[in-house]
Every structure is written in structure tokens, then in C-alpha cells.
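Enquirer: As they're listed, the protein sequences go chains W and X. Heads up: the first sequence runs through residues 3 to 249, numbered per the numbering used here. Heads up: the second sequence runs through residues 187 to 500, numbered per the numbering used here.
Check before you lean on any hint, since a few could be wrong.
As the list claims (entries may be wrong) - List time: in silico DMTMM-like cross-link candidates among lysine to aspartate or glutamate, alpha-carbon distance up to 25 Å:
1) K27/W to D56/W
2) K27/W to E219/W
3) K365/X to D113/W
4) K467/X to D113/W
5) K365/X to D264/X
6) K491/X to E72/W
7) K321/X to D233/W
8) K247/W to D405/X
9) K392/X to D405/X
10) K260/X to D233/W
11) K224/W to D232/X
Rather than coming from a laboratory, the hints here were simulated on the basis of the structure. All values reported here derive from a predicted model rather than from experimental measurement.
Residues per chain are reported as follows:
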Amino acid sequence: MKILVCISKTPDTTAKIAFTDNNTKYDANGVQWIINPYDEWYALVRAIELKEADASHAIHLISVGNADAEPILRKALALGGDEAIRVNIDSDDAYVIATQIATVVKDGGYDLILTGKETIDHNGSSLGGMVAEMLDLPYISLATKLEMDGSVAKATREIDGGQELDEVATPVVISAQKGMAEARIPNMRGIMAARTKPLKVVEPAACEALTATVSFEMPPAKAGVKLVAPDQVEELVRLLREEAKIV
Amino acid sequence: MILIYADNINGTIKKSSLEVITYGVAIGKQLGTEAQAIVVGAVNSDLSELGKYGVSTVHQLTGPDTFDAQAFSKLIADKATELDASVVVFSHSLMGKALAARVSVRLKAGLVTGAVALPDTTSGFVVKKSVFSGKAFANIRIQTPVKVISLNPNAYTVAVGEGEANVMATPVSIQPAVKVISNSKSSGDRTLTESEIVVSAGRGMKGPENWGMIEELADVLQAGLACSRPVADAHWRPHHEHVGQTGVAIAPNLYIAIGISGAIQHLAGVNRSKVIVVINKDPEAPFFKAADYGIVGDAFEVVPKLTAALKAGA
Ligand SMILES: Cc1cc2nc3c(=O)[nH]c(=O)nc-3n(C[C@H](O)[C@H](O)[C@H](O)COP(=O)(O)OP(=O)(O)OC[C@H]3O[C@@H](n4cnc5c(N)ncnc54)[C@H](O)[C@@H]3O)c2cc1C
Ligand SMILES: Nc1ncnc2c1ncn2[C@@H]1O[C@H](COP(=O)(O)O)[C@@H](O)[C@H]1O
């Protein structure tokens with residue numbers, strides 16, 4: 003089975019969020035890029051586990067982005083990916099990114115396409131569904147478990163108010179979240195091997211952006227905390243009722 | 187016209203659906219066009235009542251008894267095309283997310299997910315959405331004639347008025363590729379993202395055996411339960427309660443954080459809450475900087491007292 007894991011780069015979770023150019027661009031100055039946690043901890047590690055159970059699987063990685071994505075693709079190779087593809091276009095339009103991924107999926111004949119639940123910078127949660135629709139494939143979103151039974155994927159996923167166990171024949175797109183696997187760190191052998199694994203750069207398929215980011219803004223600052231003494235909980239209840247008017 | 191997809195869970199129209207209907211109707215007013223709703227599957231309430239939220243017509247596609255994103259998106263996109271909808275809105279719920287993405291591709295419509303406010307239509311069509319896991323907002327221009335938006339739960343207040351919608355039921359059948367083998371409901375009726383009040387606790391609670399007092403506080407407030415990541419990692423609490431940058435992102439009216447330090451990754455999932463109360467024995471805990479109200483004290487003493495005070499005042 004050919005597995006494609008979609009890897010996006012995202013600022014380190016502790017990175018300071020700031021904007022430049024009159025608040026129209028994210029200030030990436032000095033930012034440490036990491037693999038989007040959902041893509042790494044859940045989608046990629048689960049793919050690696052599937053390959054550990056059945057060595058005939060191939061794990062390819064794709065990242066749509068500029069050269070900043072290469073170190074994180076190397077890290078994903080060090081964790082256990084076999085080959086990486088970078089589509090050389092920097093876009094914040096989901097339709098453009100999905101078009102690139104769908105093109106690679108179609109040309110590469112992948113059976114299982116794994117994405118993370120969402121990117122922690124764009125917070126789109128849309129890429130998986132878009133790729134699936136472009137290729138008219140089924141999509142299982144927010145999976146917490148995934149087993150393969152030949153060409154049938156068995157996935158448990160979160161639904162509003164509960165969980166569901168689904169079965170679907172490949173090819174299929176699945177988005178991964180917490181529960182699917184446990185985070186790993188690459189070992190020395192993996193890091194050495196990654197240096198010589200193929201990382202192919204391909205030019206993007208032509209596609210027009212359907213959206214454009216106009217500006218960013220920061221949420222309004224908090225006024226500051228009002229402290230209540232621990233033996234005055236009634237006062238807190240009063241404040242919540244009369245001042246905040248919520249309980 | 188504006189087409190609004192109203193989610194239902196097992197036949198019940200959700201609060202987030204009413205939010206999205208109110209929101210879609212308001213967009214219609216902005217653009218000077220009417221809003222209609224679409225519901226897929228059987229519903230155990232009278233759909234004409236959705237007229238109270240401002241929709242003139244409800245299109246009900248009867249037949250499908252389980253949700254299937256691939257099949258439902260075709261139905262919704264076809265309806266949008268038939269009705270010549272200029273904006274299609276969804277709730278950014280678990281089901282809504284999957285549909286919005288697929289429908290936007292079918293309609294080749296620009297998509298903004300996780301919207302937090304009405305679009306700005308003074309120059310073009312610009313939608314504000316939450317980005318960087320709640321740490322910032324982005325204003326996104328949709329450049330296509332047809333637009334698709336998914337609205338964050340709890341971002342828009344439901345408005346009820348008078349009115350009765352015209353319900354048009356059409357039977358449809360679908361052949362889902364995905365086979366649902368089984369499903370189970372998790373405890374509690376409210377999903378975490380829909381809860382107006384959330385009581386959350388962290389490692390300061392020492393162990394799962396101490397969650398009784400957290401549950402009691404949540405009960406008096408009819409609140410949803412959440413926890414920090416290490417708590418879910420240690421299996422003290424189920425995974426779906428984990429909030430934060432790598433867990434669920436929530437925006438309740440009130441978030442009560444007990445024994446949680448307030449790490450940046452935790453705050454990322456909760457900082458859109460309207461009011462934050464922090465109970466922590468360490469006055470230096472970073473969470474106090476993000477809080478509206480705080481008590482510096484031992485949770486084991488404060489929480490039962492708070493529960494009692496809320497009960498007494500009720
Ligand atoms: C990439 C990445 C992603 C992450 N994603 C998330 C995420 O999504 N969500 C998340 O929560 N974390 C996340 N984390 C982890 C995060 O950095 C913190 O480690 C975590 O939030 C700490 O959990 P905590 O506050 O429960 O525990 P601690 O940091 O151990 O804090 C416990 C708090 O309880 C207080 N306390 C102790 N005893 C009492 C008492 N008796 N009464 C009152 N207060 C008491 C202490 O003063 C302390 O402030 C992530 C980390 C990384 C690196
Ligand atoms: N630029 C990208 N390159 C490759 N995969 C991506 C990219 N952006 C998003 N993805 C994948 O799509 C998932 C959902 O992204 P999003 O819809 O932006 O929240 C991510 O978790 C990744 O797996």
C-alpha cells in the first residue's frame with residue numbers, strides 16, 4: 003500500500019505571534035518551524051506503525067511550501083518516512099494547497115492519504131475534505147484509531163457527541179488526531195538515514211487562489227485579573243452573577 | 187440567497203445550528219437577500235419553527251439516517267446551485283467542518299472556516315476568523331462569486347423572533363462509501379465546544395480519584411468538563427476532554443480552570459472564552475495573567491466551597 007502523509011510546517015507552539023507590514027503578514031523572523039503536531043504525532047507515527055507491521059507499505063511525505071519546509075521534511079524522514087515531496091509554492095489559500103496535494107495523489111496512485119486534524123496556525127481543518135472532494139474519495143475526519151485490513155481501512159472517529167467505528171475501502175483520505183498514536187523522537191540511525199532519502203522538489207500545478215488574507219489582528223488585551231480571597235467564594239459567585247452576568 | 191446547513195444530532199437540531207441560522211439570516215440582511223435552511227435526514231421537531239430564527243424556507247432532504255460527508259456534500263451543493271445561493275454557511279462543528287470543505291470544492295467557492303463575526307461587506311467580502319489557535323484573528327477576503335463559511339460555535343448569539351418557515355420535504359437516497367459499523371455516545375448531551383460553561387482541571391488535582399469535586403462543580407453549573415493535556419495523557423480523564431493547542435479549542439462564556447498552570451499551549455485552546463476564572467495555589471501561575479477572576483488557594487478547599495456557594499444562591 004502507498005501511504006501519503008501530508009506534512010505542514012507551523013511555528014513552534016511557544017513562538018511569539020506578531021505581524022509585520024502593517025499587520026498583513028505573519029512575522030516569521032527568528033521563528034523555529036516544527037511539523038504541525040497533528041501531522042507528526044498522529045498521522046505520521048501511525049503510518050510508521052503500519053509499516054512496522056507490514057514492511058510492504060511505502061510512506062511518502064508531502065509538504066506544500068517554500069524551502070523552509072525542507073528541515074521538517076528531513077525530520078519526518080528521520081522518523082520513518084521513505085520519500086518526501088515538496089511542492090514549491092507558498093500559499094495560504096486552502097484551495098491552492100489542496101489542488102497541489104490532489105495532483106500528487108492522482109499522479110502517485112496513493113491508497114491512503116493521511117492529514118492532521120488541523121494546522122495550529124491556520125486552523126483550517128479543511129485540507130483533508132477538500133483533497134477528498136477533488137478526487138471524489140471518501141474522507142474520514144478526526145480519526146482517533148486506524149487499522150488496515152488488506153485494502154479496507156477501519157477507523158474510529160470522533161463525531162458530535164460521541165464516537166463512530168467506520169469501514170471503508172481504499173483509496174481514502176483520513177485526518178488524524180489524538181489517540182491514533184504516541185509521539186516519538188527520531189533516533190540517531192533515523193537521522194543518518196534521512197540524509198540520503200529522496201526529497202524531491204516539484205513545481206506547482208497552476209491554480210488560482212480563491213481567498214486572500216487581508217490583515218491580522220490580536221485579541222483585545224484582558225483588563226487584568228480580579229483576585230478574590232479563598233475564604234470569600236461568595237464574593238466570586240456575586241461577581242460572576244452581577245458583574246460578569248454569566249451564572 | 188443564503189443557504190444555511192442546519193446540523194442535527196440524532197434528529198435534534200443543535201444550538202450551534204440555531205447560531206448559524208441566526209448568522210446566515212444576518213448575512214442575508216446585510217446583502218439584502220433572503221435566507222433558507224437545509225436539513226438532511228429525519229428530525230424530531232417541527233422544522234417550521236426555524237422560521238423564528240428568520241429563515242423563510244427549510245429544505246428537508248429525508249431518507250439518509252446516518253451522516254455521510256461525501257454524499258451530503260453533493261446534496262447540499264446541488265441545492266445551492268439549484269437555488270443560486272451566493273453564500274452557504276455551516277457550523278464549524280465536527281460534521282460541519284467536513285461538509286464545508288467538500289461543498290466549497292464542489293462549488294469552487296472560496297472558504298473561510300472558523301468565522302467569528304459577520305463578514306465585512308464594505309469592500310468585497312471579508313470574513314474574520316480565529317487563527318494561531320485563538321492567539322490572533324485573520325481577516326480573509328473571499329474572491330469568488332459564491333462563498334462558503336463555517337461559523338465557530340459560541341461565536342454568534344442566537345436571536346429568536348416570530349415566524350414560521352415553509353418546510354419543503356424531498357425524499358433522497360444515498361449510497362455511502364463509508365460503512366458505519368457502530369457508534370457510541372459519550373457521556374453528557376452537550377459536546378464540549380457547545381458548552382456555555384466549562385469546568386476544567388489540571389495536574390494540580392493530583393489524581394483521577396479527586397475529580398468528584400470537579401464533576402460536582404460542573405453539575406451545579408450544568409457545565410462541560412475539560413482538562414489539561416498531561417491529565418489526558420496520564421489517562422486520568424478521556425482524550426476528548428483535553429483542551430488546548432493540540433486538543434479541543436473552545437470559546438465558552440465561562441471557563442473555570444482549576445489546578446492548571448496556564449502554559450501557552452493550554453491557553454491557545456481556551457483564550458477565546460469570554461470570562462476566565464482561575465483557581466490555583468501558586469500566585470505566580472501564568473494563568474492569572476489571562477484570567478478575569480482568580481482565587482489564589484488550594485483547590486481541595488476552594489472548589490467544594492464554591493460548589494456550595496453556587497448551590498446556596500441558586
Ligand atoms: C507541542 C506542545 C503542545 C501542547 N499542547 C497542549 C494542549 O493542547 N493542552 C495542554 O493543556 N497542554 C499542552 N501542552 C503541555 C503544556 O506545555 C503544559 O505542560 C500543560 O498544559 C501543563 O498542564 P497542567 O497545568 O495541568 O500541569 P502543571 O503545569 O503541572 O500545573 C499544575 C498547576 O496546578 C497548581 N496546583 C497544584 N496543586 C494545587 C492545589 N492543591 N490547588 C490549586 N492549584 C494547585 C500548580 O500551582 C500548577 O500551576 C503542550 C506542550 C507542547 C510542547
Ligand atoms: N502546506 C501544506 N502542505 C502539506 N500538507 C498540508 C499543508 N497545509 C495543511 N496540510 C495538511 O492538512 C491538514 C489540515 O490543515 P488545515 O486544513 O490547514 O487545518 C494538516 O494537518 C496537514 O496534514
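Enquirer: Of the numbered hints stated previously, which ones are contradicted by the structure, given in increasing order?
Expert: 1, 4, 6, 7, 10 and 11
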